[in-house]
Amino acid sequence: MSLYASRRRSNFVAMTLCLLATFIGIVWLFLILFSLFWNGVPHLSLSTFVEMTPPPGETSGGLANAIFGTVLMTFIGVGVGAPIGVLAGTYLAEYGRYSKATPTIRFINDILLSAPSIIIGLFIYGVIVVPMKHFSALAGALALAVIVIPVVVRTTEDMLLLVPNTLREAASAMGLPRAHVVWHVAYRAARTGILTGILLGVARIAGETAPLLFTAFSNNFWSASLLKPIASLPTTINSFINTPDANMKQLAWTGALIVTLAVLGLNIAARILSASKKQS
Amino acid sequence: MARASSSLDPGNPMGVTRSKILSRMASGDRLFSFVTRFCAYGVFILLAAIMISLIVGAWPAIKTFGLEFLVTRRWAPQLDEPVLGALAPIYGTLLTSFIAMLIAVPFGLGIAIFLTELCPLSLRRPIRVAVELLAGIPSIIYGMWGFFVLGPFLAHYVEPPIAAAVQNIPVLNVIFGGEMISNISLFNASLVLAIMILPFITAIAVDVFSTVPAVLKESAYGIGCTTWEVVTNVVVPYARVGLVGGVMLALGRALGETMAVTFIIGNSFKIDGSIFSPGTTISAAIASEFAESSDLHRSALMYLGLLLFILTFFVLAAARLMLMRLEKRAGA
Numbered sequence: 001m002s003l004y005a006s007r008r009r010s011n012f013v014a015m016t017l018c019l020l021a022t023f024i025g026i027v028w029l030f031l032i033l034f035s036l037f038w039n040g041v042p043h044l045s046l047s048t049f050v051e052m053t054p055p056p057g058e059t060s061g062g063l064a065n066a067i068f069g070t071v072l073m074t075f076i077g078v079g080v081g082a083p084i085g086v087l088a089g090t091y092l093a094e095y096g097r098y099s100k101a102t103p104t105i106r107f108i109n110d111i112l113l114s115a116p117s118i119i120i121g122l123f124i125y126g127v128i129v130v131p132m133k134h135f136s137a138l139a140g141a142l143a144l145a146v147i148v149i150p151v152v153v154r155t156t157e158d159m160l161l162l163v164p165n166t167l168r169e170a171a172s173a174m175g176l177p178r179a180h181v182v183w184h185v186a187y188r189a190a191r192t193g194i195l196t197g198i199l200l201g202v203a204r205i206a207g208e209t210a211p212l213l214f215t216a217f218s219n220n221f222w223s224a225s226l227l228k229p230i231a232s233l234p235t236t237i238n239s240f241i242n243t244p245d246a247n248m249k250q251l252a253w254t255g256a257l258i259v260t261l262a263v264l265g266l267n268i269a270a271r272i273l274s275a276s277k278k279q280s
Numbered sequence: 001m002a003r004a005s006s007s008l009d010p011g012n013p014m015g016v017t018r019s020k021i022l023s024r025m026a027s028g029d030r031l032f033s034f035v036t037r038f039c040a041y042g043v044f045i046l047l048a049a050i051m052i053s054l055i056v057g058a059w060p061a062i063k064t065f066g067l068e069f070l071v072t073r074r075w076a077p078q079l080d081e082p083v084l085g086a087l088a089p090i091y092g093t094l095l096t097s098f099i100a101m102l103i104a105v106p107f108g109l110g111i112a113i114f115l116t117e118l119c120p121l122s123l124r125r126p127i128r129v130a131v132e133l134l135a136g137i138p139s140i141i142y143g144m145w146g147f148f149v150l151g152p153f154l155a156h157y158v159e160p161p162i163a164a165a166v167q168n169i170p171v172l173n174v175i176f177g178g179e180m181i182s183n184i185s186l187f188n189a190s191l192v193l194a195i196m197i198l199p200f201i202t203a204i205a206v207d208v209f210s211t212v213p214a215v216l217k218e219s220a221y222g223i224g225c226t227t228w229e230v231v232t233n234v235v236v237p238y239a240r241v242g243l244v245g246g247v248m249l250a251l252g253r254a255l256g257e258t259m260a261v262t263f264i265i266g267n268s269f270k271i272d273g274s275i276f277s278p279g280t281t282i283s284a285a286i287a288s289e290f291a292e293s294s295d296l297h298r299s300a301l302m303y304l305g306l307l308l309f310i311l312t313f314f315v316l317a318a319a320r321l322m323l324m325r326l327e328k329r330a331g332a
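Protein chains in written order, with my numbering: chain X, 1 to 280; chain E, 1 to 332.
Treat the hints with care, since some could be wrong.
[Said to hold, decoys possible] Listed next, the stretches of chain E that the computed footprint assigns to chain X, with coverage defined by at least 3 CB atoms under 8 Å from CB atoms of chain X:
1) 17 to 28
2) 63 to 70
3) 267 to 277
4) 283 to 291
It should be emphasised that the hints constitute simulated quantities derived from the structure, not laboratory data.
Built from N, CA and C at the ideal position, the CB exists for glycine as well.
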């Protein structure tokens, strides 16, 4: 009987610890969100979105140029990275499904997926910033594109593999060439899934800092030129945290709130999109 | 297809148009096939290009310091003849990742066990989403939060009592002693890293646990096992390979994490054995010094980047191989 009691006791202890672990695991999310709202909301105003980043000593200023830079580079990054990723994913799932190279490409892609983003920054620095001799928005956007590619490759391949083969066979039986089967049947069936992947890619790069530090660098003024350094929200936060200037620190918190809400919003949107697909 | 049916028009000799369309389709197919193949091999090219550009950038430093770079403790870029060694950043990288894994693995497994074995179905999804959203928060936010919120808390309420408690115990008073600088410490960085990789471990552990066939668990429950006994004797042994893979994947993340660590580790190149004093990691050193470096110093930072890439490459490759083994078994 005592054996039975001790088994029950150890079960109870272990399960309580698991419950506790879950509680502690979730608490972080709310702690972080709480401190972001607590510190970020009081100074969130229209001027945050329309005024430029201030120099030290000012009492006003906003993040307009940084927000614009982030949106611009994210847009170009996804614009360059997503098509390449979708096409590569298409090869892995369609043309090259049984090719010998496919497992290797998938393996390498999975490694790139988790490669440290600062390495991507060093890579783009070496191949673009050094030959151009100066930092530029273009270099930043390309660094982000390199990060997007593996994300999109992975989701595109996964989603295309979920498309039932009978659909492809039916289309092929009507005499459609492979490209048409992919475009009109496979892509259509996997559309939501591929879009979800691209959305996750946007969420992944919108908050990236490390690859931008020495590619896009930073800029205190409004710049829409692809060939000049450009500010972005994460790098602005990065440089404002370490200043003793209270106003800049405030802006860093506000910027952090904006970035986090945007990224979490994208993540949630991607989830809703993929959930709506499962139901239909 | 609309065009193909218009070829039934009697004024149009059907065969000619048909063959034209067919050949156009065939060449379109070839082109599309070629483009997708090119993009897929682009992934290969990307990896090779990253490797080559890092080696090229690091070459002056590799030539100057050779492999001794790995074991040199000193980091003095401002000297006329700079002495640069990677031992301190390597030590910091491995130590912070190790402590982070020590904290995050039990928690991640605990959450996964809770989610798969205990949690009511209606709560499972919200809890999982909440944990996974942690993975979505940008790393700079973690760094900022660690710097302004967690760091001061640790420096006031956690580190001093621990340091005082072990003051006279050998070994421990080195590990938990050292000079404490407000909110900057290796311990703070490790804790933030642990929070960051928790969602990865949880997500993979949940996936891996759900590959365990229900029959196995049910038969264990059927002979009277408690939930904990089912987990330790059936679920974990069955899922072991995948778990190790998931943990390695998280380790790969922790090793390369940059922005979360840069602020709170202090970028100080020394090794004193204490986890409450500042240190540095490879990625933190690159992030904080690269913009102001030049010549040999910059090349040495590239060398550090190359080392980090090789290190994470092997860790991630091992992780993927283990996860692939599990997938194969699940597929069979």
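Hints and how they fare:
Check on the region 17 to 28 of chain E: 3 of its residues sit with their Cβ under 8 Å from a Cβ of chain X, so the three-residue criterion for coverage holds. Counting residues of the region 63 to 70 of chain E whose beta carbon lies closer than 8 Å to any beta carbon of chain X gives 0, which falls below the threshold of three, so the coverage claim is violated. Counting residues of the region 267 to 277 of chain E whose C-beta sits closer than 8 Å to any C-beta of chain X gives 0, which falls short of three, so the coverage hint is violated. Counting residues of the region 283 to 291 of chain E whose C-beta lies closer than 8 Å to any C-beta of chain X gives 5; at least three are required, and the coverage claim holds.
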